[in-house]
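Asks: Residues per chain, in single letters:
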Amino acid sequence: MAAAGPLVLRRVVAAARSRAVLPIPTCGILTRARPRPRGPLPRTPWTTRGPPPEVLAQTVERRPVREQVELDTITYAGRQHYLPGLARPRFPPWDRGWHDPWHSPGPRYEEMPLYKERGCYVCHQGVRMLEGVRQAQWLTKTKLVAGLPPPVLSILDNPAHQLQDCEEGVKRAISHARFWDTTEAAPKRERYCPTLFEDLIHLCRLMSMKYPSLTKRMLARNYKIAAAWERESILLQVRGLNGILMNSVSPIPPVASKEEILATEEHVLETFYPIAPTIDLQEVNVYEELNDTGFRDSYPYPHPHTLFFLESANNRPKRFRPEQLRAKMLMFAFGNALAKAKALYGNDPKVLEQPVVVQSIGTDGQLFQFMVFQLNTTDLVSNDGIKNLVWIDSDQNLYEAAQCLPEVKKRVVTKPAGIYGFQPDTFKKFLALYLHGAV
Amino acid sequence: MAAFRGWRLLWPGRCWFSQTESAVPQQAPDSLYPPIVASATAKSKAAKRRRLEHFHQRVHAAASIEEKLRLYGQLQRPKYTVYPQTFALNADRWYQSFTKTVFVPGLPPRAVLEAAKAPEGAAGVAPEAANAPEPGAAAPGASKTPEPAAEAAALLDMGELRSLACDALLQESFYQKKKRPFLYCDQDHTPGPFLTQLVSTLAAALCSRNPLLAASSLDLKPEVNYYWHHGEEVIVHGHRKGRVDPVRFQIDDNPHLQIRVPKQLPQIVPLESDLGEVPVIDHKPSKLPLFKRQYENKVFIGSKVADPCCYGHTQFHLIPDKLKRERLLRVNLGDQIEVVNRANGIASLFAWTAAQAMYQGFWNEADVTRPFVSQAVVTDGKYFAFFCYQLNTLALTAETIQNNPRKNICWGTESKPLYDVVEDGNVKGFNDEILLQLVRFLLNRPKEL
Chain E
1 MAAAGPLVLR RVVAAARSRA VLPIPTCGIL TRARPRPRGP LPRTPWTTRG
51 PPPEVLAQTV ERRPVREQVE LDTITYAGRQ HYLPGLARPR FPPWDRGWHD
101 PWHSPGPRYE EMPLYKERGC YVCHQGVRML EGVRQAQWLT KTKLVAGLPP
151 PVLSILDNPA HQLQDCEEGV KRAISHARFW DTTEAAPKRE RYCPTLFEDL
201 IHLCRLMSMK YPSLTKRMLA RNYKIAAAWE RESILLQVRG LNGILMNSVS
251 PIPPVASKEE ILATEEHVLE TFYPIAPTID LQEVNVYEEL NDTGFRDSYP
301 YPHPHTLFFL ESANNRPKRF RPEQLRAKML MFAFGNALAK AKALYGNDPK
351 VLEQPVVVQS IGTDGQLFQF MVFQLNTTDL VSNDGIKNLV WIDSDQNLYE
401 AAQCLPEVKK RVVTKPAGIY GFQPDTFKKF LALYLHGAV
Chain X
440 MAAFRGWRLL WPGRCWFSQT ESAVPQQAPD SLYPPIVASA TAKSKAAKRR
490 RLEHFHQRVH AAASIEEKLR LYGQLQRPKY TVYPQTFALN ADRWYQSFTK
540 TVFVPGLPPR AVLEAAKAPE GAAGVAPEAA NAPEPGAAAP GASKTPEPAA
590 EAAALLDMGE LRSLACDALL QESFYQKKKR PFLYCDQDHT PGPFLTQLVS
640 TLAAALCSRN PLLAASSLDL KPEVNYYWHH GEEVIVHGHR KGRVDPVRFQ
690 IDDNPHLQIR VPKQLPQIVP LESDLGEVPV IDHKPSKLPL FKRQYENKVF
740 IGSKVADPCC YGHTQFHLIP DKLKRERLLR VNLGDQIEVV NRANGIASLF
790 AWTAAQAMYQ GFWNEADVTR PFVSQAVVTD GKYFAFFCYQ LNTLALTAET
840 IQNNPRKNIC WGTESKPLYD VVEDGNVKGF NDEILLQLVR FLLNRPKEL
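Protein sequence lines correspond, in order, to chains E and X. First residue of the first sequence? That's 1 in our numbering, and the numbers climb one at a time after it. First residue of the second sequence? That's 440 in our numbering, and the numbers climb one at a time after it.
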């Protein structure tokens, strides 16, 4: 429509010029002045790095209009009652005059004894990292290797290390946890996830018949870890309750060979610009740089062996996604290893001759994540040098589905009750990680 | 559908009009007339008896155990809720009368099998597999005397088990850095985790000697429920006033830990033994105090009927903060400390063994043909009391108890401390006897294993 074209153009141009004068009719799609940008921002130096400092200096900090016009100067405070034309006064906060412990706001952050100017980023059990394992790798200076390490795989393949009637026992454990443990029709995840874990650990403990050194293990629940380190002028900490820790008398021997450890020097850590690596971590100004394994020095089971994480929240949003769970596992395995290394070898950053190995298993009752972490160095400030190593075997299903009640469609049983898609390999890996270090 | 509805209407205690006949008794083949039986719907004692008979036949003829349990607990009425862990004074005698239990102080003389494997390291004269009653004080097993090779392998290493127990205790009370316990939550701070650790490590260490433990199932904080009738009462108020009703009880128990096994423990004494008298209490149960509520009638051993581990082995109970020794001593109820333990043992074990019996198809009209045995340990973290229970009869209702000479039997000990005090990473005054008794409990198994 030739007539409509210039008509529209004129209208737009006229609207742009006269916007300050005439009110634009807001109805209809033809009256929009300029379309909103819908795609990603064009990546110019200004959008990524901000305007240059000379332009920044020129823009003046604009005061709000009410202040400029001095609208709030005259208030009805002096008149002691509301008057329609005058402004609302702002009174100073009332001071009690004496310290009432039941009504006191507490000390401010700046007045607390542990206040520091430099902020510290804390990773606790509720932290869900945006970039997942990549972010955890950068923070802990770690190189990722997919799959489980060769010593664990050799335990897996060795038939002497298998449980007798392993499959029957595991199926019974799954049925007990998923079907039989409750008076209701089906137990909730808060019930079946810990029950499944307990049953699997009970099965693994039966292996102590063959290997008596397996009795030298102790589970610890509700313990708190504290580890602090610096990464490229960022202070980082790992704190708080994390999971169930299995301690053992003897440490796990190093999993990677010397050549592999030296080869990590060439590896470059992945960054994910423009996202900062401290995203999702809690920044605090009141902190103490503490390195604490959670146990006293003379503990008879000094070496952390495996950390277990159970995602047992009933609601899906409250559970960690697999990627976030793997990141949490890596951070806390690193925290435990670092605290132990600093307890053994002191606080000076150095490359460890005897690397510290900590394993980690995370599950939500069905999906298992296996991880073996080896701490090679406590020198984490720079990005170069020897890095730590982690082997991750992710998303191993123990079973596809567990049907508590048979699915009936139109009075015909379409899906009978039972366990579907059982994979015995997942339990074999669980057992292999349990036996690692003792066989 | 009409036939189905009519079946359900013939319920004891409900005078509904039914459209169909109930199951008629078999008639003699030479009789031309149908058998003369009482009416099924009239308001008469004979009709009520007939309805009751019909109900009993339905339960006897139930297709599966789940169906039987469902029918058994289908009718809901107000019932007394019996709490195993209770502050009521002299509750153990009351519970004995509710469950027709004889309490025998001390534990039963153990069978030969465990005695031969007992750890008497210094008792080199222990004969080979004879009925050797162990000496009361267990000698410390740190020094093992040279035994014949056959026995050496079977000897328990008491020192190792003691070190496991001490490690568990020290980890929870000393080595792990914990904050102060929250108000009234002392039991969850140290004794609870200690008990869990102790039992799991001991069970794992002993499973080589007891193959039953290798096939067992360990439950943490399971639920055990049992519902039964005992005695009769006249209803005092309400629309059913004046009628004679059975007295209903329900136990809902939450032990701290329990071990279930696929094979039953052997009987301790024969089924018809009489080891004492059941206390008779002439008051109504509400005088204990016990209170009535109406809710679902549950019978549960800790897992459903489909679980292969359907027999019980050992339960572990933790005394809550409200019933701690210090609190009872503070209000001058020192003699009630043992009563608390005994009441807990009797009620919990009765509920567990009776629920196990119901899982096998027995109920008060079909009494047990073999005794059901289970064990329990009641502790508050430091003091341990051991209980054994043998269920000989489920027939506790007013009709079935009349000609029933059998009684359930509970053996129990007084509570003794496992250690004196934990100081600076050392356990002072560790009592080996208690550990030995615990180990004996865990090693208990049927004779053929």
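The set of hints was computed from the structure by calculation and includes no laboratory data. All C-beta atoms in this analysis are idealised placements derived from N, C-alpha and C, irrespective of residue type, glycine included. Certain hints may be false.
[What the hints assert, rightly or not] The calculated lysine to aspartate or glutamate pairs, modelled on DMTMM-like cross-linking and capped at a C-alpha distance of 20 Å, are: (1) Lys216/E <-> Asp627/X; (2) Lys743/X <-> Glu288/E; (3) Lys616/X <-> Glu168/E; (4) Lys618/X <-> Asp746/X; (5) Lys539/X <-> Asp691/X; (6) Lys723/X <-> Asp684/X; (7) Lys743/X <-> Glu168/E; (8) Lys617/X <-> Glu184/E; (9) Lys702/X <-> Glu168/E; (10) Lys660/X <-> Asp292/E; (11) Lys618/X <-> Glu168/E; (12) Lys210/E <-> Asp280/E; (13) Lys224/E <-> Asp627/X; (14) Lys616/X <-> Glu167/E; (15) Lys660/X <-> Glu184/E; (16) Lys616/X <-> Glu184/E; (17) Lys618/X <-> Glu190/E; (18) Lys188/E <-> Glu662/X; (19) Lys216/E <-> Glu599/X; (20) Lys350/E <-> Glu190/E; (21) Lys737/X <-> Glu288/E; (22) Lys618/X <-> Glu288/E; (23) Lys702/X <-> Asp165/E; (24) Lys224/E <-> Glu671/X; (25) Lys171/E <-> Asp721/X; (26) Lys617/X <-> Asp292/E; (27) Lys617/X <-> Glu70/E; (28) Lys660/X <-> Glu190/E.
[What the hints assert, rightly or not] Residues from chain X that keep clear of chain E, each with C-beta distances beyond 12 Å, as calculated: (29) Leu600; (30) Lys616; (31) Leu645; (32) Ser655; (33) Leu659; (34) His669; (35) Val719; (36) Val738.
[Unchecked claim] If you want a taste of the chain E side facing chain X, the calculated C-beta under 7 Å gives, among others: (37) Asp181; (38) Ser208; (39) Phe272; (40) Pro274.
Asks: Are the hints correct? Go through all of them and say.
Replies: Tested hints:
no. : hint                  : verdict
1   : Lys216/E <-> Asp627/X : violated (24 Å)
2   : Lys743/X <-> Glu288/E : violated (51 Å)
3   : Lys616/X <-> Glu168/E : violated (39 Å)
4   : Lys618/X <-> Asp746/X : violated (40 Å)
5   : Lys539/X <-> Asp691/X : holds (19 Å)
6   : Lys723/X <-> Asp684/X : holds (13 Å)
7   : Lys743/X <-> Glu168/E : holds (18 Å)
8   : Lys617/X <-> Glu184/E : violated (36 Å)
9   : Lys702/X <-> Glu168/E : holds (17 Å)
10  : Lys660/X <-> Asp292/E : violated (31 Å)
11  : Lys618/X <-> Glu168/E : violated (42 Å)
12  : Lys210/E <-> Asp280/E : violated (46 Å)
13  : Lys224/E <-> Asp627/X : holds (17 Å)
14  : Lys616/X <-> Glu167/E : violated (38 Å)
15  : Lys660/X <-> Glu184/E : holds (16 Å)
16  : Lys616/X <-> Glu184/E : violated (38 Å)
17  : Lys618/X <-> Glu190/E : violated (25 Å)
18  : Lys188/E <-> Glu662/X : holds (15 Å)
19  : Lys216/E <-> Glu599/X : holds (10 Å)
20  : Lys350/E <-> Glu190/E : violated (42 Å)
21  : Lys737/X <-> Glu288/E : violated (53 Å)
22  : Lys618/X <-> Glu288/E : holds (18 Å)
23  : Lys702/X <-> Asp165/E : holds (18 Å)
24  : Lys224/E <-> Glu671/X : violated (56 Å)
25  : Lys171/E <-> Asp721/X : violated (51 Å)
26  : Lys617/X <-> Asp292/E : holds (12 Å)
27  : Lys617/X <-> Glu70/E  : violated (58 Å)
28  : Lys660/X <-> Glu190/E : holds (13 Å)
29  : Leu600                : violated (10 Å)
30  : Lys616                : violated (6 Å)
31  : Leu645                : violated (10 Å)
32  : Ser655                : violated (8 Å)
33  : Leu659                : violated (6 Å)
34  : His669                : holds (23 Å)
35  : Val719                : holds (34 Å)
36  : Val738                : violated (9 Å)
37  : Asp181                : holds (6 Å)
38  : Ser208                : holds (5 Å)
39  : Phe272                : violated (36 Å)
40  : Pro274                : violated (40 Å)
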